[in-house]
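Protein chains in written order, with this note's numbering: chain A, 19 to 319; chain Z, 106 to 553.
Each hint should be verified, as a subset may be incorrect.
Under 10 Å between C-beta atoms, here's a sample of chain Z residues computed to sit facing chain A [what the hints assert, rightly or not]: (1) ALA160; (2) ASN164; (3) ASP225; (4) ARG231; (5) ILE232; (6) ASN234; (7) PRO244; (8) ASP248; (9) ASN404; (10) LEU406; (11) PRO496.
If you anchor each label on the Cβ, the simulated ranges turn out as follows [unchecked claim]: (12) Z:GLY427 x A:GLY91: 35 to 41 Å; (13) Z:GLY427 x A:ALA226: 47 to 53 Å; (14) Z:VAL143 x A:ALA301: 24 to 30 Å; (15) Z:LEU406 x A:GLY109: 33 to 39 Å; (16) A:ALA301 x Z:GLY410: 37 to 43 Å; (17) A:LYS255 x Z:ALA414: 54 to 60 Å; (18) Z:THR148 x A:GLU290: 49 to 55 Å; (19) Z:VAL143 x A:ASP305: 37 to 43 Å.
What the hints contain is simulated information worked out from the structure, not anything from laboratory work. Everything numeric in this text was worked out from a predicted model, so none of it was measured. Using N, Cα and C, we set each Cβ at its ideal position, and we do this for glycine too.
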Amino acid sequence: MPGLPKALAPSLAPMGRRTLFQQMARAAAATAVVGAAGPAQPAAATEVDPGSRLRRWVMVVDLRRCDGCAGLGVPPQCSQYCNWGRFVPEGQQWLEVYQRGLAPDAPSDAVGYLPAPCMQCQNAPCVNVCPVGATFHAPEGTVLIDQSRCIGCRLCMAACPYDRRFFNWGEPVQPAQVKETTYNVLTQTPAFRGTVMKCDFCTDRAAAGGLPYCVEACPREAYWFGDLETDVATNGKDVVKLSKLLEENEAFRYKEELGTRPRVYYINGHGEEAPRATAHESAFLKDRLEWPWREINEASA
Amino acid sequence: MNATERDLESTVLEPLVGLGRRFLFLAGGLAVVVLIGVVAYATQLAEGLRVTGMAATLNKQMYGIYIINFVFFIGISHAGTLISAILRVAKAEWRLPITRMAEFITVVALSVGGLMPIIDLGRPDRILNLLQYGRWNSPILWDFFSITTYLFGSLIYLFIPLIPDLALCRDRLAGRVSAPKRWFYEVSSVRWRGTPRQWRSLGTALTVMMVVIIPVAVSVHTVVSWIFAMTLRVGWNTAVFGAYFVAGALFSGTATLILVMAVLRRVFRLHGVIKDRQFTNLGFMLAGFSGIMLYFNLNELVTSGYKLAEGEGFFLDSILVGPFAPWFWAYILGLASPAIIMLIPKTRSFWGVIVASLIVDIAMWIERYIIVVATLRAPQMPYTNLAEYFPSTAELAISLGSVALFVLLIAVFSKLVPVVSVWELRHERAPEPREPEAVPAGPAAVRA
Numbered sequence: 019m020p021g022l023p024k025a026l027a028p029s030l031a032p033m034g035r036r037t038l039f040q041q042m043a044r045a046a047a048a049t050a051v052v053g054a055a056g057p058a059q060p061a062a063a064t065e066v067d068p069g070s071r072l073r074r075w076v077m078v079v080d081l082r083r084c085d086g087c088a089g090l091g092v093p094p095q096c097s098q099y100c101n102w103g104r105f106v107p108e109g110q111q112w113l114e115v116y117q118r119g120l121a122p123d124a125p126s127d128a129v130g131y132l133p134a135p136c137m138q139c140q141n142a143p144c145v146n147v148c149p150v151g152a153t154f155h156a157p158e159g160t161v162l163i164d165q166s167r168c169i170g171c172r173l174c175m176a177a178c179p180y181d182r183r184f185f186n187w188g189e190p191v192q193p194a195q196v197k198e199t200t201y202n203v204l205t206q207t208p209a210f211r212g213t214v215m216k217c218d219f220c221t222d223r224a225a226a227g228g229l230p231y232c233v234e235a236c237p238r239e240a241y242w243f244g245d246l247e248t249d250v251a252t253n254g255k256d257v258v259k260l261s262k263l264l265e266e267n268e269a270f271r272y273k274e275e276l277g278t279r280p281r282v283y284y285i286n287g288h289g290e291e292a293p294r295a296t297a298h299e300s301a302f303l304k305d306r307l308e309w310p311w312r313e314i315n316e317a318s319a
Numbered sequence: 106m107n108a109t110e111r112d113l114e115s116t117v118l119e120p121l122v123g124l125g126r127r128f129l130f131l132a133g134g135l136a137v138v139v140l141i142g143v144v145a146y147a148t149q150l151a152e153g154l155r156v157t158g159m160a161a162t163l164n165k166q167m168y169g170i171y172i173i174n175f176v177f178f179i180g181i182s183h184a185g186t187l188i189s190a191i192l193r194v195a196k197a198e199w200r201l202p203i204t205r206m207a208e209f210i211t212v213v214a215l216s217v218g219g220l221m222p223i224i225d226l227g228r229p230d231r232i233l234n235l236l237q238y239g240r241w242n243s244p245i246l247w248d249f250f251s252i253t254t255y256l257f258g259s260l261i262y263l264f265i266p267l268i269p270d271l272a273l274c275r276d277r278l279a280g281r282v283s284a285p286k287r288w289f290y291e292v293s294s295v296r297w298r299g300t301p302r303q304w305r306s307l308g309t310a311l312t313v314m315m316v317v318i319i320p321v322a323v324s325v326h327t328v329v330s331w332i333f334a335m336t337l338r339v340g341w342n343t344a345v346f347g348a349y350f351v352a353g354a355l356f357s358g359t360a361t362l363i364l365v366m367a368v369l370r371r372v373f374r375l376h377g378v379i380k381d382r383q384f385t386n387l388g389f390m391l392a393g394f395s396g397i398m399l400y401f402n403l404n405e406l407v408t409s410g411y412k413l414a415e416g417e418g419f420f421l422d423s424i425l426v427g428p429f430a431p432w433f434w435a436y437i438l439g440l441a442s443p444a445i446i447m448l449i450p451k452t453r454s455f456w457g458v459i460v461a462s463l464i465v466d467i468a469m470w471i472e473r474y475i476i477v478v479a480t481l482r483a484p485q486m487p488y489t490n491l492a493e494y495f496p497s498t499a500e501l502a503i504s505l506g507s508v509a510l511f512v513l514l515i516a517v518f519s520k521l522v523p524v525v526s527v528w529e530l531r532h533e534r535a536p537e538p539r540e541p542e543a544v545p546a547g548p549a550a551v552r553a
């Protein structure tokens with residue numbers, strides 16, 4: 019798709035689309051991962067005007083460190099912070115942690131955990147089938163949804179091989195304050211009935227120098243957020259060379275054989291590097307995830 | 106005009122006079138069911154799609170009975186093309202009394218079927234986005250344009266051969282029908298006088314349309330199947346789908362045509378025009394499609410079942426021996442039944458064909474149920490809490506309403522225009538050529 023689709027124009031007015039993304043890119047360049055990685059990348063920074071370079075966001079999940087927060091006796095914190103931070107409507111898990119056997123037909127009943135955000139595919143089946151261009155590739159590589167254009171046909175949901183799309187079947191429950199805001203395509207707020215939503219990689223936070231909620235929330239530092247363009251990744255604590263991280267750990271992409279070319283990589287494992295629980299029995303507490311919007315609305319009413 | 110022709114005329118035209126208590130009862134009853142469906146849709150508009158059974162499946166089952174009905178109705182619409190275009194091209198004379206009904210069904214099934222995806226939309230208020238922001242990359246857009254093209258093409262193809270008969274109604278029923286109806290015949294017969302030039306134009310238009318409509322019809326069901334086949338899902342991701350859907354459409358279309366024909370023949374006492382021969386001929390076509398359908402199913406199941414790629418095993422298990430097995434095997438039996446019924450001389454009769462048609466229509470609905478529900482149930486991610494879909498009351502009410510609407514539109518149609526093509530039949534009944542000057546060209550020119 020050349021340039022940005024018209025989708026963004028109404029929601030981002032009066033700022034021009036191009037200007038906005040240039041600004042985002044500049045802001046990101048100035049404050050985000052590049053800033054943190056400053057000393058490691060001096061040559062690149064002087065060579066190219068950072069403002070002219072677009073991010074190519076990727077996420078890396080180190081499954082060796084992920085125990086689904088079972089050892090901590092809390093629900094998976096990535097999902098929980100995503101819910102809280104993105105005002106995810108009740109019942110939706112834009113980032114869902116799946117529990118799975120280590121291998122099909124494995125003799126042991128040990129399990130691993132698979133946190134699944136939107137894979138932000140480069141050959142995205144959802145984008146391909148959208149009849150109105152409501153879901154599209156943003157210049158920085160993420161797949162976004164313009165809920166002010168979506169007609170709710172749900173073919174993107176049928177097309178997504180990762181079950182990563184969610185529909186507002188009824189009026190989505192969100193805090194009243196969120197409902198009152200002007201629609202923003204980057205944060206998908208407020209949520210509209212009859213439209214599709216999903217993980218958006220929190221690029222608005224990245225542009226402001228932050229990290230996605232899941233990355234920030236992970237108590238095991240299992241998430242890395244990075245930029246292929248500048249070849250940097252951070253888990254909020256360490257900063258590493260992204261390509262090296264991927265290569266040395268033989269990172270893979272989920273369902274690579276489908277040809278969707280996701281922007282989410284995994285480093286294989288089953289939580290072996292996560293500290294073991296000692297004080298309490300470890301249990302996967304996905305059922306205890308919360309969407310506290312009704313309570314908030316009731317309390318403020 | 107000889108006696109048989111007068112008979113034909115009165116048999117066909119008589120039902121158009123007056124409404125009759127039976128018709129009013131039927132139409133009223135159907136209208137009530139349609140109304141219940143409309144009320145259910147109004148609730149859905151007010152509440153959102155959360156009133157459907159899909160909402161309870163946590164986004165795993167994003168399609169349900171609306172899409173099943175959509176595929177079913179669009180399938181039925183192929184009756185018209187098959188009978189009136191394919192058989193017209195093949196010059197099969199026995200089709201003559203049934204072409205009009207077939208085209209009725211096409212137009213009505215497309216109209217009702219086309220409503221289904223709109224009912225299924227989360228934001229029907231934004232449907233015009235399809236025109237404003239439409240992307241040619243999307244199968245939905247292919248469907249949108251191919252179905253509307255087919256609908257307009259079928260309307261034209263229904264209307265053109267109607268013109269001489271509408272003129273006949275205008276001339277013969279002038280003093281006997283109500284003013285609006287008279288006005289309708291007057292306007293819709295587009296000043297048809299039966300001049301040689303008009304007959305020639307009619308002939309040309311029919312020839313062009315019957316050739317044009319066939320690829321359009323094939324494209325429609327192909328792109329309907331591509332909505333499914335353009336995804337990577339187990340059970341959908343297969344190249345056989347296009348051809349499979351086209352064959353399935355012709356299968357259920359023929360079956361529906363047989364049923365509608367039988368009802369109209371009985372109600373309008375058309376036994377003199379539509380013979381049992383038409384039914385058995387269509388029965389043989391059903392039997393042929395049985396074989397084709399079984400063949401496609403075999404292809405699909407064997408190629409995926411042999412390799413058992415990721416997820417295929419789960420899906421095949423669920424339909425062959427699992428929770429969908431009763432549905433699946435009922436469907437397979439239904440597929441085979443026309444072939445069996447037509448094979449046995451004793452059941453190779455009018456009633457045999459009727460039973461086969463009923464079974465086929467039910468089986469083909471089940472097929473679409475399996476295609477939508479059983480495939481979407483196959484998990485794509487590592488979870489075991491499977492989503493089970495059951496249609497809600499609102500969904501059932503809307504579905505019943507759509508079926509009632511289908512029948513109602515056919516009933517209204519049959520009271521408005523002759524249900525068999527009088528001028529085409531007349532030709533068949535009077536093959537001996539008359540003086541070219543006396544009856545200048547006439548229908549004969551069209552046939553030639």
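Outcome of the hint check:
{"no.": "1", "hint": "ALA160", "in the structure": "holds (4 Å)"}
{"no.": "2", "hint": "ASN164", "in the structure": "holds (5 Å)"}
{"no.": "3", "hint": "ASP225", "in the structure": "holds (7 Å)"}
{"no.": "4", "hint": "ARG231", "in the structure": "holds (5 Å)"}
{"no.": "5", "hint": "ILE232", "in the structure": "holds (6 Å)"}
{"no.": "6", "hint": "ASN234", "in the structure": "holds (4 Å)"}
{"no.": "7", "hint": "PRO244", "in the structure": "holds (6 Å)"}
{"no.": "8", "hint": "ASP248", "in the structure": "holds (9 Å)"}
{"no.": "9", "hint": "ASN404", "in the structure": "violated (23 Å)"}
{"no.": "10", "hint": "LEU406", "in the structure": "violated (22 Å)"}
{"no.": "11", "hint": "PRO496", "in the structure": "violated (14 Å)"}
{"no.": "12", "hint": "Z:GLY427 x A:GLY91: 35 to 41 Å", "in the structure": "holds (37 Å)"}
{"no.": "13", "hint": "Z:GLY427 x A:ALA226: 47 to 53 Å", "in the structure": "holds (50 Å)"}
{"no.": "14", "hint": "Z:VAL143 x A:ALA301: 24 to 30 Å", "in the structure": "violated (50 Å)"}
{"no.": "15", "hint": "Z:LEU406 x A:GLY109: 33 to 39 Å", "in the structure": "holds (36 Å)"}
{"no.": "16", "hint": "A:ALA301 x Z:GLY410: 37 to 43 Å", "in the structure": "holds (38 Å)"}
{"no.": "17", "hint": "A:LYS255 x Z:ALA414: 54 to 60 Å", "in the structure": "violated (40 Å)"}
{"no.": "18", "hint": "Z:THR148 x A:GLU290: 49 to 55 Å", "in the structure": "holds (53 Å)"}
{"no.": "19", "hint": "Z:VAL143 x A:ASP305: 37 to 43 Å", "in the structure": "holds (40 Å)"}
Taken one by one, the earlier hints fail for this structure at numbers 9, 10, 11, 14 and 17, listed in ascending order.
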